Amino acid sequence: MSEGTLYDKVWDRHKVTRLPTGQDQLFVGLHLVHEVTSPQAFGMLQERGQEVAFPERTHATVDHIVPTGNRDRPYRDDAAESMMAELEENVRGSGIDFSDPDSGDQGIVHVIGPEQGLTQPGMTIVCGDSHTSTHGAFGALAFGIGTSQIRDVLATGCVAMEKQKVRKIEVTGELGEGVTAKDIILTIIGKLGTDGGVGYVYEYAGEAIEDLGMEGRMSICNMSIEGGARAGYVNPDETTYEWLKETDAFENDPEEFERLKPYWESIRTDDDAEYDDVVTIDGSAIEPTVTWGTTPGQTAGITEPIPDPDDLPEEDRDTARRAQKHMRVEPGDTMEGYDIDVAFLGSCTNARLKDLREAAAFVEGREVDDDVRAMVVPGSQRVRDAAEVEGLDEVFKQAGFDWREPGCSMCLGMNDDQLEGDEASASSSNRNFVGRQGSKDGRTVLMSPIMVAAAAVTGEVTDVREMEEVATV
Amino acid sequence: MSSPEFSAGEAPAEKVTEVSGTGIPVRGNDIDTDQIIPARFMKVVTFDGLGQFSFFDQRFDDDDNEKDHPFNEEKYRGANVLVVNANFGCGSSREHAPQALMRWGIDAVVGESFAEIFAGNCLALGVPTVTADQDDIEALQDYVEANPDAEVDIDVAAETITYGDTVIDAEVHDAQRKALVEGVWDTTALMGANEGAVRETARSLPYVPAEHVAEDEA
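Line order of the protein sequences matches chains A and B. Following numbering that gives the first Met the number 0, the numbering of the first sequence begins with 0 at its first residue and continues without gaps. Following numbering that gives the first Met the number 0, the numbering of the second sequence begins with 0 at its first residue and continues without gaps.
Keep in mind that the hints were calculated from the coordinates and are not lab data. Because the structure is a prediction, the values reported are computed rather than measured. Any given hint could be a false lead.
Unchecked claim - Dumping the calculated SDA-like pairs for lysine to any residue here, alpha-carbon to alpha-carbon at most 25 Å:
| id | chain 1 | residue 1 | chain 2 | residue 2 |
| --- | --- | --- | --- | --- |
| 1 | A | K14 | B | L204 |
| 2 | A | K14 | B | K42 |
| 3 | A | K324 | B | E137 |
| 4 | A | K14 | B | K74 |
| 5 | A | K324 | B | D60 |
| 6 | A | K260 | B | V212 |
| 7 | A | K324 | A | E404 |
| 8 | A | K164 | A | D101 |
| 9 | A | K14 | A | E419 |
| 10 | A | K162 | A | D101 |
| 11 | B | K177 | A | R372 |
| 12 | B | K66 | A | D317 |
| 13 | A | K162 | B | E216 |
| 14 | B | K177 | A | M0 |
| 15 | A | K8 | A | R372 |
| 16 | A | K8 | B | P205 |
| 17 | B | K74 | B | F59 |
| 18 | B | K42 | A | E85 |
| 19 | B | K42 | A | D101 |
| 20 | A | K162 | B | G195 |
| 21 | B | K177 | B | T130 |
| 22 | A | K244 | B | K74 |
| 23 | B | K42 | A | E404 |
| 24 | A | K14 | B | H172 |
| 25 | B | K177 | A | G198 |
| 26 | A | K8 | A | E264 |
| 27 | A | K8 | A | D317 |
| 28 | A | K396 | A | R372 |
| 29 | A | K244 | B | A213 |
| 30 | A | K324 | A | K353 |
Bound-form chain A, shown alone:
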């Protein structure tokens, strides 16, 4: 068993007791709530005649079903309107803070927590959403839960969990030009598999991770679950603290920052910590990476051939064959040149200000291909506002992108933003499952924001590194 890791320390600080099942009862420091997975939990709570135990440790927003175009109430989609109304009633009746669209603070739950300073190192954070692992970027222990567990947290402020193993993933070296955090995590999942992390929490470390800003660390932790790991984290450091200082929690309260800092330092993994497993990946060898299939583990570097299913481990062959048929790709080819119809820049993985800045810098002076429908969906209203102050919206719009209101949007197609028919999308999101983006014949290629920008411009999957060279000629 691991010893002396951040995971061990945060677990111990939050453990209330051992339950008769052998699970530990953990106190939850921050419970994030959205409209899709919470209504049934509030319903069960009411059936039992119980109230929310820790409303001040709970925070809600609306993201999955919220329209990214016309947001006048009632929403045109009756189902979306009823979910929004249900959430409003539930949170207001319970005294839970709600970053609603009128507040100017609304956004994807995994974007607003970090930007408001709700997310802090050494916390336990849960949400009825598997991408809660995002918050691990701050050195929090953060994981997704199901609706019955949401009921547990609402009623008791706790979750029942079994302790997992810890795998350190050390990414060494410096990333090459045009290579981003997204490429690191796609490479990791490609190597370890979509179930490689089952039973583990991932600690991301090494020079390539330490060099990343908070946005990049969030992109990596976000997709831990795509590798089967329910949680992933990065130890807090100066980069983390610089981000925290700018948030609502601390910008006007430096004393509180100094008061909490020793706690944050205390939960960092010890130098002599023991792990259950250690994996090392050479960061300098990572290329811009994309998916060729229908799981986030079916990845290839942009110059690498799509594998022949017969060359894969036996258990992966059927899935690979089905995926290649769905995607209409051939073994031996690269993904470069794969035609796309839609470019989606958004989601809790990659819709923060830095992501938009990088994509905009690439897009500036270029135009979206005539056959491509391209959209930018900022991660939150604050991201949108900050981007507009910098004029990024104009850059995108001039190039031919649609500039939309914040939400989950085409990552999972619960609002109007969906693929149609067999459209192929270049997407900065996190899942390429069949049907994920709203059309069961739709085809998703996951990639970094700058790779999405490049694909939008050329109309096909493109090695952004070559585009940059063209641009500087």
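Fit chain B to the known structure of chain A by using the hints.
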């Protein structure tokens, strides 16, 4: 399964020691929760009625014509033991997935391996997720396909699956087995009994302001 009456300090869930019934095989590794229940069916505020949408996009084409899928086959109607392969339930944490399966009629899922959040969500519903070796699972899928009316018995406590003359060694994760067999899978009730200790833990954390923690009752 009846909904349990709640009272603090008790753990009133039903004991789930065994599940018996006929089987239904759904083959393939990495079947994600978007396949089990597509997101568009999650625009609801209750879980009622989700059963009919299980595997919807695998079962129907664009014109709502039935496609080949076990959940469409007459011979599996009434089956309650779902037999799957590896990494079943990966992806989104949506409890809508096991809720849909349970409301379709599934009482237990047997497979090579499960994604963690999915298995946890099943436990919260009292639905065991039982694992066995790849060869044993494939043999069971073949058997169920050939004998859709034959009984499959899962003994949660003894960790065995019995069908025909065959008994296979299975595994039910320790905490899950204990919770099901002893009827302590209602974690809200279990944890609610420890209110005092919860407040004590909360107060010990430097980031939790005192006013966020209710006073202890005198």
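query: Hints broken by the structure, by number, lowest first?
result: 2, 4, 7, 8, 9, 10, 11, 13, 15, 22, 27, 29, 30
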